[in-house]
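Chemist: What follows is each chain in one-letter form.
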Amino acid sequence: MFKRLPDDARAAVTIHLDGEPVTAREGDTVAAAMLAAGVDHTRTTPVSGAPRLPYCMMGVCFDCLMEIDGVPNRQACLVCVRDGMQVRRQQGARRVSA
Amino acid sequence: MTRAETADAIVVGGGIFGSAIAYGLVRAGLDVVVLDEGDTALRAARGNFGLVWVQSKGQGMRPYHEWSRESARLWNEFAPELEDATGIGVGHQNAGGLQFLLSEDELAKRRADMAQMQQEAGPDSYDVELISRDDAQKMLPDVRIGDSVLGASFCPHDGHVNPLLLLRALHTAFTTSGGRYRSGRRVETIRHDGHAFVAETADGPVTAPKIVLGAGHGAPRLGPMVGLDVPIRPQRGQVLITERLQPLFRMPVSHVRQTNEGTLQLGNSTEDIGFDDGTSVDVTRTIARRAVLSFPILRDVRLVRTWGCIRVLTPDGAAIYDESQSHPGAYVATSHSGITLAAINARYVAHWIATGEKQPGFDRFSARRFDVQAAA
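Protein sequences appear in the order of chains A and B.
Just so we're aligned: the first sequence equals residues 490 to 587 in this note's numbering.
Just so we're aligned: the second sequence equals residues 288 to 663 in this note's numbering.
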């Protein structure tokens, strides 16, 4: 659905979504990289389990929550990609071990 | 455009107090209009902590303790009734509740308060017990309690609900039962035209033989127009909200509770600073620190929101329910415990307003209890 602009010359960066490599561009937020890669959902909701993609892209709606480098429930629209980054879909509510 | 309306009863205020009473009144067969102020109002109904709480209620006024406990009991039928009527589950849980004691001073004060309330109960039960940290841990087996916790008081009648879903359920139940909810309708004046009360708003008057002030901090301005004194003051509480977590808490603690949708609410601060409903770093820090001392795992849990909310505080902390002596048919109902009292407000209080029949001892809740001056 989303296409990169033709004059975007930024360097490619490889991140991993649930262990699978995804190509992003330097300076992408994780949320933008997910949308550019055509990912079908980036989390499931805690209340109904419905799939979600990033929405507001500006830190407000919390629809883009993902586990990023081992930290759950991060707002993917507020984190920039880094080569080798490990990203996972946030499945429902965060599990904390007591 | 102005429009005139008539009804059997006007309820001023569409928060938890006003909505619960209004719902009870339509259920009792009255034709009811709710006049709600709008987004500029303080709206404690939208910022509160969601506890159905009994253990600390009514110290120095036993009837209020019994009133709160009866409401907590009624909640067990009220919540399913609302869900049946609206399809909205309000997340009610009545598994008991804990108040944590984090120092010898807190422990001693709680022990003394409980002894006083036990004495005030006389031969009746008080049903609050001091328990050890280990016993509290058994009640919260999924989250480790910090070493700073010396003990807790436990009351089996305590519980909680989701207050925002409750407000929506009350509004939905009210309107689907035929009630008329009017938002953006600040009541400017109330007068009696010889036959009925007339509530004037910028969009026109509403006329009814009964009028109920359930308007929180809006009530002190309106009360004197119908001979009602409403001696309340504002008290701010700040609330912190965390990211959503898998279920950790099997029951609420008075300063930490997990909502039915996974977030934690941290709170229980009190500040007397007027009507400023903002937040402050020092208080949020204190709330967060106490939460982390109580449950060390929270150190790594992310906060997503904070807000301030203005409580309605009466001089003795108990509710005020009054009918005007000079203007019969005008009522006031107010307290900071709108969630706890929602069930009893929808039942007994609405029944009183609809029929005049009072529960035994109900007159104790009149604001006239504050009229007697202490000897100098």
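In short, the hints are calculated from the structure, not lab data.
Please note that a few of the clues may not be correct.
For each label pair, taking beta carbons as the anchor points, the in silico distance ranges come out as [said to hold, decoys possible]:
| id | chain 1 | residue 1 | chain 2 | residue 2 | range |
| --- | --- | --- | --- | --- | --- |
| 1 | B | G316 | A | L542 | 25 to 33 Å |
| 2 | B | Q406 | A | G538 | 45 to 53 Å |
| 3 | A | D507 | B | V591 | 22 to 30 Å |
| 4 | B | P428 | A | V560 | 21 to 29 Å |
| 5 | B | V568 | A | V560 | 32 to 40 Å |
| 6 | A | G573 | B | P428 | 34 to 42 Å |
| 7 | B | D421 | A | R499 | 43 to 51 Å |
Please read these numbers as outputs of a predicted model, since none were measured by experiment.
We put the CB at the ideal spot given by N, CA and C, even for glycine.
Chemist: All hints are to be evaluated individually against the structure, with a verdict given for each.
Modeler: To see whether the hints hold, each was checked on the structure:
1. B:G316 x A:L542: 25 to 33 Å: violated, 49 Å
2. B:Q406 x A:G538: 45 to 53 Å: Hint holds: Cβ distance 51 Å, inside 45 to 53 Å.
3. A:D507 x B:V591: 22 to 30 Å: Given range 22 to 30 Å: holds, Cβ gap about 24 Å.
4. B:P428 x A:V560: 21 to 29 Å: At roughly 26 Å between Cβ atoms, V560 (chain A) and P428 (chain B) fall inside 21 to 29 Å, so the hint holds.
5. B:V568 x A:V560: 32 to 40 Å: The hinted range 32 to 40 Å is violated for V568 (chain B) and V560 (chain A), with Cβ atoms some 24 Å apart.
6. A:G573 x B:P428: 34 to 42 Å: Cβ of G573 (chain A) to Cβ of P428 (chain B): about 39 Å, so the range 34 to 42 Å holds.
7. B:D421 x A:R499: 43 to 51 Å: Violated, at about 58 Å.
Of the numbered hints listed earlier, those contradicted by the structure are 1, 5 and 7.
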